[in-house]
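Asker: If you want the building blocks of each chain, they are given just below.
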Amino acid sequence: MKVATTKSNTQLVLNGLLNENPIFRLALSMCPAVGISTTVRNGLMLGVAVLFVQVCSSCTIAAIKNYIHPRIRIPTYTLTIATWVTVIDLLLSAYFPVAYKAMGIFIKLIVAFAIITMRLEVFACKESIGKSFWDGLGMGLGFLFGMVTLGFIRELLGMGTLLGHDVLGFKPLLFFALPFAGFFCVGFMMAVFNYVELVFNRMKKKRG
Amino acid sequence: MSRLKFKGLFCAILVTLVLVPFSGRCASSPSNKFIQKSAFKGKNDIVITFAAPVEEAWAKDISNYRVYEEPDPDIRLEISNITLSQDRKTVILHFDEELNQNQPHVVTIRDIKSQGKNLGTAIVKVKKLYLGFLFSIFIGAMLIHNFVFTKYLGLCVFFGTSQKKSTAVGMGITFTIVMVASAMMSWFLYQFVLKPYHLDYLQIIVFIGLVSLSVQAVDTILRKVNPVLFKAFGVYLVLVIANCIILAVPLILADNEYNAAESFMLALGAGLGFLVALFLMSSVRERLELANVPPTYRGLPIAFVVAGLFALAFLGFSGMSIF
Chain A
13 MKVATTKSNT
23 QLVLNGLLNE
33 NPIFRLALSM
43 CPAVGISTTV
53 RNGLMLGVAV
63 LFVQVCSSCT
73 IAAIKNYIHP
83 RIRIPTYTLT
93 IATWVTVIDL
103 LLSAYFPVAY
113 KAMGIFIKLI
123 VAFAIITMRL
133 EVFACKESIG
143 KSFWDGLGMG
153 LGFLFGMVTL
163 GFIRELLGMG
173 TLLGHDVLGF
183 KPLLFFALPF
193 AGFFCVGFMM
203 AVFNYVELVF
213 NRMKKKRG
Chain B
-5 MSRLKFKGLF
5 CAILVTLVLV
15 PFSGRCASSP
25 SNKFIQKSAF
35 KGKNDIVITF
45 AAPVEEAWAK
55 DISNYRVYEE
65 PDPDIRLEIS
75 NITLSQDRKT
85 VILHFDEELN
95 QNQPHVVTIR
105 DIKSQGKNLG
115 TAIVKVKKLY
125 LGFLFSIFIG
135 AMLIHNFVFT
145 KYLGLCVFFG
155 TSQKKSTAVG
165 MGITFTIVMV
175 ASAMMSWFLY
185 QFVLKPYHLD
195 YLQIIVFIGL
205 VSLSVQAVDT
215 ILRKVNPVLF
225 KAFGVYLVLV
235 IANCIILAVP
245 LILADNEYNA
255 AESFMLALGA
265 GLGFLVALFL
275 MSSVRERLEL
285 ANVPPTYRGL
295 PIAFVVAGLF
305 ALAFLGFSGM
315 SIF
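Protein chains in written order, with this note's numbering: chain A, 13 to 220; chain B, -5 to 317.
These aren't lab readings, by the way, just hints derived from the structure by calculation.
Computed from a prediction, not measured in an experiment: that's the story for all the values here.
Built from N, CA and C at the ideal position, the CB exists for glycine as well.
Take the hints with a grain of salt, since some may be wrong.
With the C-beta cut set under 7 angstroms, the calculated list includes, among others, these residues of chain B facing chain A [said to hold, decoys possible]: (1) Val118; (2) Leu149; (3) Leu183; (4) Leu241; (5) Pro295; (6) Gly310.
Covered by chain B, per the in silico footprint, the following chain A stretches (three or more residues, Cβ under 8 angstroms) [stated by the list, open to error]: (7) 42 to 50; (8) 122 to 128; (9) 187 to 196.
Given only the sequences and the hints, what does the whole structure look like? Please build it.
Answerer: Take a look at the structure:
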């Protein structure tokens, strides 16, 4: 049953960042991508939180995979994730109370993000701890990358600032700073990823 | 057959909708028989109606009234002035600051003087009509603060199951039922176990564990007891766990300290709001199949743009207040 992956550690990380980017390619865990990607700082915070939870729960499940009965594996995954989310929730509320308030309910909702459960189900329950760590890191970084990109676009175009510093001096498109613009923004970014893939495939065809 | 079942479900939901508010507590009842009615008026006023004309000198004396919000008896609210109606039966208390009408206010009226007699002190509770409050929670969760379009929750499942109308309705109904059941259980656990024993920090683990275990239980029971119903709704049960809304509602209930009836209305509103969102979206996406969409936008990207337009439309509900 065990099918050890043949990919190297770097490939695993790159896979999470680009090929299977959780936000733009797999279209999982969209709620935070739409809801609180209004600034780079928010994106960074939630990205780091998800990275932490993903890596920790991947390692935990990989370590105890032989003791989990297959029929109750989903509740087990959920409870493992919930434990790590509680840890990060308490840590953030203690050390970064202001940013934690801005994030609202989303930190607690990391539990329900499909991406983490899906990685545990697809990857961590079959692989060694080391591989799971790199896969979790890749997925977490992919999510972080997606959130920061969205935050970058929305903060720059909407407010003309980056990380709170005034960069442009004017507000090009206030529209992007409004909460519902997240839908449009994610849609555009997905289209961009699709377009890059299209061009890439065309070039490949020409060459070979 | 399945259509009949849908109707039955809708009827059941409607009946509970009508019955439950009546089981909640009813609007204010004054402790002193002499006071007939007390209510909020506008943003800054409280109106008190007496059974008979009162003496003008007594009624206009501000020191005879004491007003505070029920949770904070120490903080007295300043009355700016008092007007008495022509028939001397109705007193209007004006306040400088806006009243927080979501909290019940307690008005203490000292030594009521009417036609030369002293009628004793009365304590009156003023609150908004409770049925209206419940209804506003329901409408608020369903339309004004729609969880999908204004809070951006539950999007994975929303985009995953809104391709066909039949799937959308099935998912919506399953979700509403599980939502109401699990919210009531979480409310009970939070109020009677977690809070008394100061285990608040465990709320994430307890809520999500409760949801996933109850979904697993419903799955197993339904499979054995009613295979027909399981065939119709079983597929969606697993998806319910992956929906953020199922966790967001218990967390909101715990934060706002809602009581049982209010929790029920919020959960029902959240579930039906999700159903409405799914239905609207699936209607559009069925048409999109026939449209000529640029290749890079085909599938999810265009669905996101449509959802954005819906979110823009739902902004129209914001600021709407009923009751």
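Asker: Checking C-beta pairs, does the region 187 to 196 of chain A have three or more residues closer than 8 angstroms to chain B?
Answerer: holds (count 6)
Asker: Holds or violated: the hint that Leu149/B contacts chain A, with Cβ atoms closer than 7 angstroms.
Answerer: With Cβ-Cβ at 4 angstroms, under 7 angstroms, it holds.
Asker: Quick check on Val118/B please, does its C-beta sit within 7 angstroms of some C-beta on chain A?
Answerer: For Val118/B, the interface hint is violated, since the closest Cβ of chain A sits about 37 angstroms away, which is over 7 angstroms.
Asker: Grab the minimum C-beta distance from Leu183/B to chain A and call the hint holds if it beats 7 angstroms, violated otherwise.
Answerer: At about 15 angstroms, which exceeds the 7 angstroms cut-off, the nearest Cβ of chain A leaves the hint on Leu183/B violated.
Asker: Using the nearest Cβ pair, does Leu241/B come within less than 7 angstroms of chain A?
Answerer: Where the cut-off is 7 angstroms and the nearest Cβ of chain A is about 5 angstroms from Leu241/B, the hint holds.
Asker: Confirm or reject the coverage of the region 42 to 50 of chain A by chain B under the rule of 3 or more residues with a beta carbon closer than 8 angstroms to the chain's beta carbons.
Answerer: holds (count 4)
Asker: Checking C-beta pairs, does the region 122 to 128 of chain A have three or more residues closer than 8 angstroms to chain B?
Answerer: Result for this restraint: holds, n = 4.
Asker: When the nearest CB of chain A is found for Gly310/B, is that gap smaller than 7 angstroms?
Answerer: With a minimum Cβ separation of about 12 angstroms from chain A (threshold 7 angstroms), the hint on Gly310/B is violated.
Asker: May I ask you to test the interface hint for Pro295/B with respect to chain A, counting a Cβ-Cβ separation under 7 angstroms as satisfied?
Answerer: Status holds, d = 4 angstroms.
Of the numbered hints listed earlier, those contradicted by the structure are 1, 3 and 6.
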